[in-house]
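2 protein chains.
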Amino acid sequence: MSDHTSNAGYPTPRDAELAFYTAFVECDLTAMDGVWAHDGVSCVHPGAAVLIGRDAVMRSWRNILGDAMQPQMQVKLLRRTEGDTVAVHMVEERISTGQEAAAETALVLATNVYQRDAEGWRLLSHHASLVAQPPAAEAPEEPTLQ
Amino acid sequence: MSDHTSNAGYPTPRDAELAFYTAFVECDLTAMDGVWAHDGVSCVHPGAAVLIGRDAVMRSWRNILGDAMQPQMQVKLLRRTEGDTVAVHMVEERISTGQEAAAETALVLATNVYQRDAEGWRLLSHHASLVAQPPAAEAPEEPTLQ
Numbered sequence: 001m002s003d004h005t006s007n008a009g010y011p012t013p014r015d016a017e018l019a020f021y022t023a024f025v026e027c028d029l030t031a032m033d034g035v036w037a038h039d040g041v042s043c044v045h046p047g048a049a050v051l052i053g054r055d056a057v058m059r060s061w062r063n064i065l066g067d068a069m070q071p072q073m074q075v076k077l078l079r080r081t082e083g084d085t086v087a088v089h090m091v092e093e094r095i096s097t098g099q100e101a102a103a104e105t106a107l108v109l110a111t112n113v114y115q116r117d118a119e120g121w122r123l124l125s126h127h128a129s130l131v132a133q134p135p136a137a138e139a140p141e142e143p144t145l146q
Numbered sequence: 001m002s003d004h005t006s007n008a009g010y011p012t013p014r015d016a017e018l019a020f021y022t023a024f025v026e027c028d029l030t031a032m033d034g035v036w037a038h039d040g041v042s043c044v045h046p047g048a049a050v051l052i053g054r055d056a057v058m059r060s061w062r063n064i065l066g067d068a069m070q071p072q073m074q075v076k077l078l079r080r081t082e083g084d085t086v087a088v089h090m091v092e093e094r095i096s097t098g099q100e101a102a103a104e105t106a107l108v109l110a111t112n113v114y115q116r117d118a119e120g121w122r123l124l125s126h127h128a129s130l131v132a133q134p135p136a137a138e139a140p141e142e143p144t145l146q
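First to last, the protein sequences are chains A and B. The numbering of the first sequence is the numbering used here, which starts it at 1 and goes up by one. The numbering of the second sequence is the numbering used here, which starts it at 1 and goes up by one.
Okay, chain A solo, but in the shape it has when bound:
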């Protein structure tokens, strides 16, 4: 029915996540295609409207990954919630592009939703947003004023 790369799915949501970010930093569109679920996908890039359906989502990744320079990325899993068939990971992405000294780093938060079918886990939804002001180095809890 569709021409996207078929793979066997991933044994855990974390494996699917690793594959997603590896495809992202390696600008590997074929691998990226294999990470996403067959149906029902959606994607929100920072500041953008929601993309619904495989065609729109993969077109956006084709544009992003085709943009030449591979990004540097540090990804940190902040929270995970995992059910039998649906898992949600909140991750922090520090994305740097450009040449070393001139590199700019963006701080992005993403809620990634994974779904399990008979074949394994795949990415169903990616919702990313830019953090306008990166937190201070230590990001301490605000003191409670009483």
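Think of the hints as simulated: they come from the structure by calculation, not from any bench. In this text the structure is predicted, and so the values were computed from the model without any measurement. Note that beta-carbon positions come from the ideal geometry of N, C-alpha and C, so glycine has one too. There's no promise every hint is true.
[Said to hold, decoys possible] Among chain B residues calculated to face chain A with C-beta under 10 Å, some are:
1) V41
2) S42
3) G47
4) A49
5) D84
6) L107
7) V113
8) S125
9) A132
Following the hints, put chain B in place on chain A, whose structure we already have.
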């Protein structure tokens, strides 16, 4: 252990979602408190860093809901993915504040994650982002260039 409002949870994720947005538009902090799960909550307001834990999340809602004017809000469910214990809804929020003629409308996308425990469904995570440029009225699919 905690002093947040206890309720029996909600029978469906959709009920929890309705309660969340009702509390939001009615600026009802007590109701808002009852919507959120007991533990493991996180919240990303548009453009902001992630808030983790009940104290930080509820403090943010106290600030938002204490901001006097009740917003007008239209909420549209775009996608839903529901497992036995975890459900994810992608919603579009059109939020208007200010007096009629001077009202400004913001278009926000939110990924809401609900979790079911023995008592019912509650909100576990809310990740909201502003859409920088509202889509055109019809937002037609881009034609495929071949």
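Structure-based check of each hint:
Residue-level restraint check for V41 (chain B) holds (minimum Cβ-Cβ distance to chain A is 9 Å; threshold 10 Å). Because the smallest distance between the Cβ of S42 (chain B) and any Cβ of chain A comes to about 5 Å, under 10 Å, the interface hint for this residue holds. The restraint placing G47 (chain B) at the interface with chain A holds, with a minimum CB-CB distance near 4 Å, inside the 10 Å limit. The criterion of a C-beta within 10 Å of any C-beta in chain A is met by A49 (chain B), whose closest approach is roughly 5 Å, and the hint holds.
With its C-beta approaching chain A no nearer than about 5 Å, D84 (chain B) sits inside the 10 Å limit, and its interface hint holds. This hint holds: L107 (chain B) has a C-beta 8 Å from the nearest C-beta of chain A, less than the 10 Å allowed. Against a cut-off of 10 Å between C-beta atoms, the interface hint on V113 (chain B) holds, since the closest Cβ of chain A lies about 5 Å away. Given hint, S125 (chain B) at the interface with chain A, holds; its Cβ is 7 Å from that chain's nearest Cβ, closer than 10 Å.
Given the 10 Å rule on beta carbons, the hint for A132 (chain B) holds: about 4 Å separates it from the nearest Cβ of chain A.
Every hint, counting from the list given before, is met by this structure.
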